[in-house]
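Following the hints, put chain B in place on chain A, whose structure we already have.
Protein chains: 2
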Amino acid sequence: MSDGDRDPQDSKPDNEASDADRRDFLKLTLATGVGAASAVAGIAHVRGAKAADVEHKTPHVPPGELDDYYGLWSGGQSGEVRIMGIPSMRVLKRIPVFNKDAAYGWGTTNFSKKLLKGKDSGDTHHAHMSYSNGTYDGKYAFVNDKAQARLARIRLDYMEVDAITSLPHCQGTHGIFPSRNKIDGVYCNSEYRIPIPNDGRDLENPEKYVALHTCVDAESMEVRWQVMVDGNLDLCATDYDGRYSMACSYNSEGGVVIGEMMAADRDYLTIFNLAEIEKAVKAGKGTTIGDSKIPVLDGRGEKNPYTLYIPVPKSPHGVNVDPTGKYAICSGKLSPTCSVVSIDKIADAFAGKIKPRDCVLAEPEVGLGPLHTAFDNRGNAYTSIFIDSVVTKWNIAKAIAGENPVIQKLDINYQVGHINASMSETKEADGQWVISLNKFSKDRFLPVGPFHAENEQLIDISGSEMKLVHDGAAHPEPHDALIVRRDIIRPRKIWDPKDGKFALEHALAKKAGVAVGDTKVVRNGNKVTAVMISVAPAYSLTEIHAKQGDEVTVIISNRDNVEDLCHGFCVSHHDVSVGVAPQETVSVTFEVPNKGVFWYYCPWFCHALHLEMRGRLIVS
Amino acid sequence: MSDGDRDPQDSKPDNEASDADRRDFLKLTLATGVGAASAVAGIAHVRGAKAADVEHKTPHVPPGELDDYYGLWSGGQSGEVRIMGIPSMRVLKRIPVFNKDAAYGWGTTNFSKKLLKGKDSGDTHHAHMSYSNGTYDGKYAFVNDKAQARLARIRLDYMEVDAITSLPHCQGTHGIFPSRNKIDGVYCNSEYRIPIPNDGRDLENPEKYVALHTCVDAESMEVRWQVMVDGNLDLCATDYDGRYSMACSYNSEGGVVIGEMMAADRDYLTIFNLAEIEKAVKAGKGTTIGDSKIPVLDGRGEKNPYTLYIPVPKSPHGVNVDPTGKYAICSGKLSPTCSVVSIDKIADAFAGKIKPRDCVLAEPEVGLGPLHTAFDNRGNAYTSIFIDSVVTKWNIAKAIAGENPVIQKLDINYQVGHINASMSETKEADGQWVISLNKFSKDRFLPVGPFHAENEQLIDISGSEMKLVHDGAAHPEPHDALIVRRDIIRPRKIWDPKDGKFALEHALAKKAGVAVGDTKVVRNGNKVTAVMISVAPAYSLTEIHAKQGDEVTVIISNRDNVEDLCHGFCVSHHDVSVGVAPQETVSVTFEVPNKGVFWYYCPWFCHALHLEMRGRLIVS
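Protein sequences, first through last, are from chains A and B.
Sequential numbering from 1158 applies to the first sequence in my numbering.
Sequential numbering from 1158 applies to the second sequence in my numbering.
One chain only, chain A, in its complex shape:
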């Protein structure tokens, strides 16, 4: 099939299915997987409201005005995190995390190379902010890499990654969530079961494979402990009191191919009893795996003090705790239901006073393929429904009371994955905006080739009805998102030159016998260190002499003290390009394999004489 010749302006291209047909294609391909689950009937679908049709909040922020909220977006397989302005849906910053970024030189500077350890791709699934007392404190953000089982931390004062931790014995690290009562642990789910240690043993014995739940210390970023579990861990959440972390768990069958993974009608919400785990670790009850010194506890099976397996239908995906802290909502994925789990009852279930399943208060039908749930401040839940391509608004209290809780279903375009609402994951949920992160955009934007833009849709939830106000186009993939009041985030605009980040550059300079801020070129054997400053429109060094085969380290400090006056350092033909923000120091190390004159220049437009801001690397 080729449709390259049709006019992209056609709003209903004749070679495309109708809107209804388009929604159906995934249902059809899913028939065997989902079974006979029926959609909730009798609910009026409200079509995405157009700006002219109804009164609602506009997403357009006029020139010169500021957005009301920050968005924190995990960038999926792009490996980055995005800072958004809400409601304008403008990308205010791409924070490179596991990916290379040529603009800032992430993956090229010595600082970032040290963190990335030679890798430059990743799959950022879930970005969460650090909490104090049940709400965001603006200090850190955490984000996982599903591809290489890593956890990264972003310091929000400078909006830059400052630590990356590899999680031992893990693969497919999927859901993460930090403690909500204080800055304490970050809990990480590994999805894939593998041999432990993964050193060639048990290759063909899947029954011996194990998945782990890992606690990383949020301040030191060191791994504290791990717990072995049954099943594949998916999304993660914590309660508001520091008692539990929890994980939706699928493939309780332990299958390795798709048919095996969907056999059982129920899988689990797995609860981790943090006090019991910390106590056991302190008491030395952990074992270790392979060369790792991390204590590991065995939380497999129904009889252990560390884990509680609450049966919920079927291959549940998202777990989200409501702003009251009372309920964990599990979204069924292969069941059209959400399970409302009472967090208050968990202690009794751990104590054996009630059965695990007794923690489930309600299981309302919300639509076909429920994945994630967000909350307002009025007791309502907003669940993303993948297969139906809707957002379902439903009332938690009504569900518990056994009434039909569904208030509205809003069509989205198309196939929503994650959903979130402003301040939804805190005690300060404010019921203003929902963001729907959709996996398909299809005809919603001008065509741009076979890889379409993703569609992130902004929904006004401040009134009695949800109203779609904006289609945002996104680079693959806007995986998950938070929306945070802007007063909580207070980034600095100029670097503190005394910041600990620069320890690396001070050490490099000291080793070479110079100091950061000098203007000097020194040689030690075949290692050349050039240290300089930049003040628009000039580098303090206009010549660096080296010999063919040298290893050159450039340490450059931007001495401009004016907000937004960034410089950079780019060496022609050497694949070296980095940015250096006001009062920042960066270093970069590279080989000079060839003789010749190689101009270095400032790639960040800084001055009317920016083009003249350059110098020569002269290699003899």
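Treat the hints with care, since some could be wrong.
Which copy? The list can't say, so a pair holds if one copy fits it or any two copies do.
As the list claims (entries may be wrong) - Computed cross-link-like contacts, SDA-like style, restricted to lysine to any residue with a CA-CA straight-line distance of at most 25 Å:
no.: 1; residue 1: Lys1684; residue 2: Gly1357
no.: 2; residue 1: Lys1752; residue 2: Pro1354
no.: 3; residue 1: Lys1271; residue 2: Phe1747
no.: 4; residue 1: Lys1502; residue 2: Asp1224
no.: 5; residue 1: Lys1270; residue 2: Thr1444
no.: 6; residue 1: Lys1677; residue 2: His1663
no.: 7; residue 1: Lys1214; residue 2: Glu1708
no.: 8; residue 1: Lys1752; residue 2: Gly1275
no.: 9; residue 1: Lys1658; residue 2: Trp1756
no.: 10; residue 1: Lys1483; residue 2: Val1413
no.: 11; residue 1: Lys1677; residue 2: Asp1359
no.: 12; residue 1: Lys1271; residue 2: Gly1674
no.: 13; residue 1: Lys1460; residue 2: Met1378
no.: 14; residue 1: Lys1365; residue 2: His1730
no.: 15; residue 1: Lys1677; residue 2: Arg1312
no.: 16; residue 1: Lys1271; residue 2: Asp1732
no.: 17; residue 1: Lys1667; residue 2: Lys1684
no.: 18; residue 1: Lys1752; residue 2: Pro1352
no.: 19; residue 1: Lys1365; residue 2: Arg1423
no.: 20; residue 1: Lys1483; residue 2: Met1378
no.: 21; residue 1: Lys1684; residue 2: Gly1674
no.: 22; residue 1: Lys1677; residue 2: Gly1357
It should be emphasised that the hints constitute simulated quantities derived from the structure, not laboratory data.
Just so we're clear, the structure is a prediction, and the values are computed from it rather than from any experiment.
Positioned in the frame of chain A, the structure of chain B alone reads:
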């Protein structure tokens, strides 16, 4: 200085200069460079109009509606190109060019590795589309890399790079422009003068350094010829008839440090006589440099048939040809003037009938630091004024008549570099929108740390007054941009599996004794080739067996034939992640240094059972 503690909501933070002060800081730092140039007096500045103040076109495109124009954006030091929707200012696609992109696997697939040759940064300055008969034909886009002197081509049917050419003997390849009469040449300016060949000779003899103007064949992407010139070549343009390419040229002094580069009061608009050059090359008059076989002509000095040096004041930056094809406008940078050059007179100047300077029809004062000029369809020019931070609208005919041509100055925020208007660089300029690509955003967005977003501002020019309608936040750097009517660009939504792009994968498969589309794993020595297809939600191979130390090549074809149904292939812990669009085939080659089970999975959400779309790489 640190301002991390102030409330980012303050619209006038007390630690910042006032708006007027802020505009002045660059003027002060420039005093010596610019001299006593005075700003044009007596023009009312129109402050950026707010949505509520005046009647104008809105940039907001309601959900489900499409943009009117495509934007083609060069991404500066990010190394990418962006496809925008105008007027919504949404980024519809990031096209990785010289950078790595983890989402698509650009820099990881064998196809992209072959083009990038081990480099993964670049500095995309100018993106231009191919022309036929004076307007865009929608076939190609071309973009340069200033950092490594390369020219890339994007095929617009799939919006993907298909060729990258290295320009020999060039450094700082800056301005480029394709032929406007037909798909023919792409003309590339190298900015930096270097020894030729740059093999260690003449390191300390800057007087022997040379810069080159290079013609690349737009279809074959091979270098056709080069011309040696005086000075540093900056921006590039072509006329509408295939007679001339041209370059603003600064540093006619041949200086190597900033003071030397600004000594002379006049530099040049350098005109290349394409017929004379092609004739000389055909006649074998070219020499060669070093190992290169590219014919090189000597266009240095005033007496040669290839180049004409038209004196213009001072370190001119941009050169833009108006839609009538009659005038080339040079923007003075260090002079507050634009020079209006008659293209019709150039032939007489080449013939010696008039002096080069006689081609200059007018030199109106437009403001302090003019850089680039765009056009409407009513005879008006829009010049970006860097130091004054304004866009100046002026009338070309009035300037030629000696009248004051300035119609309006619009404040921008802040320090505009490139500017362009809808269809401005074609005969079909339509006078609807101007885009102002600004180097500083300062207080226009929520703060995101020391590296601010750039500010790309959209201006409605359809009425008698320019009106600012939107502040767009951009990843560094929105260097240059085109705005193109959407009917011109007709991308395909699904790959043609017979496309020539897949020759590489067919060859790899053939070499291994398999075929694209097979489901097989074959071994040749320590090379393992796994060929498979993907159909949501499964790979046809759920196991790949390899031995420690093998080199594994995976060839994967997405057999889904549904628009937007993309898959990917990501191998845990192997830094391998690629996308594969509907009906596309990609290949990736990687080492397996460690024993163990490594799950591979689909990182592109494709189905409700997407998480289950995976398999095991089993390394024994």
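Against the structure, the hints come out as follows:
1. Lys1684 with Gly1357: between (40 Å within a copy, 19 Å between copies)
2. Lys1752 with Pro1354: between (48 Å within a copy, 11 Å between copies)
3. Lys1271 with Phe1747: both (14 Å within a copy, 22 Å between copies)
4. Lys1502 with Asp1224: neither (41 Å within a copy, 52 Å between copies)
5. Lys1270 with Thr1444: Neither. Shortest intra-copy (33 Å) and inter-copy (44 Å) distances fail the 25 Å Cα cut-off.
6. Lys1677 with His1663: Classified as within; 14 Å inside a copy, 53 Å across copies.
7. Lys1214 with Glu1708: neither (57 Å within a copy, 56 Å between copies)
8. Lys1752 with Gly1275: between (27 Å within a copy, 19 Å between copies)
9. Lys1658 with Trp1756: neither (29 Å within a copy, 35 Å between copies)
10. Lys1483 with Val1413: Neither: 35 Å inside a chain and 69 Å across chains, both beyond 25 Å.
11. Lys1677 with Asp1359: between (57 Å within a copy, 24 Å between copies)
12. Lys1271 with Gly1674: Result: close within a single copy only, 22 Å intra versus 40 Å inter.
13. Lys1460 with Met1378: The answer is neither: 31 Å in one copy and 68 Å across copies each exceed 25 Å.
14. Lys1365 with His1730: between (51 Å within a copy, 20 Å between copies)
15. Lys1677 with Arg1312: Cα proximity of lysine 1677 and arginine 1312: none, with 32 Å in one copy and 46 Å across.
16. Lys1271 with Asp1732: both (18 Å within a copy, 16 Å between copies)
17. Lys1667 with Lys1684: Answer is within: at 14 Å inside a copy they meet the 25 Å cutoff, but 46 Å across does not.
18. Lys1752 with Pro1352: Only across copies: lysine 1752 and proline 1352 sit 11 Å apart there, 51 Å inside one copy, limit 25 Å.
19. Lys1365 with Arg1423: Result: close within a single copy only, 22 Å intra versus 78 Å inter.
20. Lys1483 with Met1378: For lysine 1483 and methionine 1378, the Cα distance exceeds 25 Å both inside one copy (29 Å) and across copies (64 Å).
21. Lys1684 with Gly1674: within (19 Å within a copy, 50 Å between copies)
22. Lys1677 with Gly1357: between (51 Å within a copy, 23 Å between copies)
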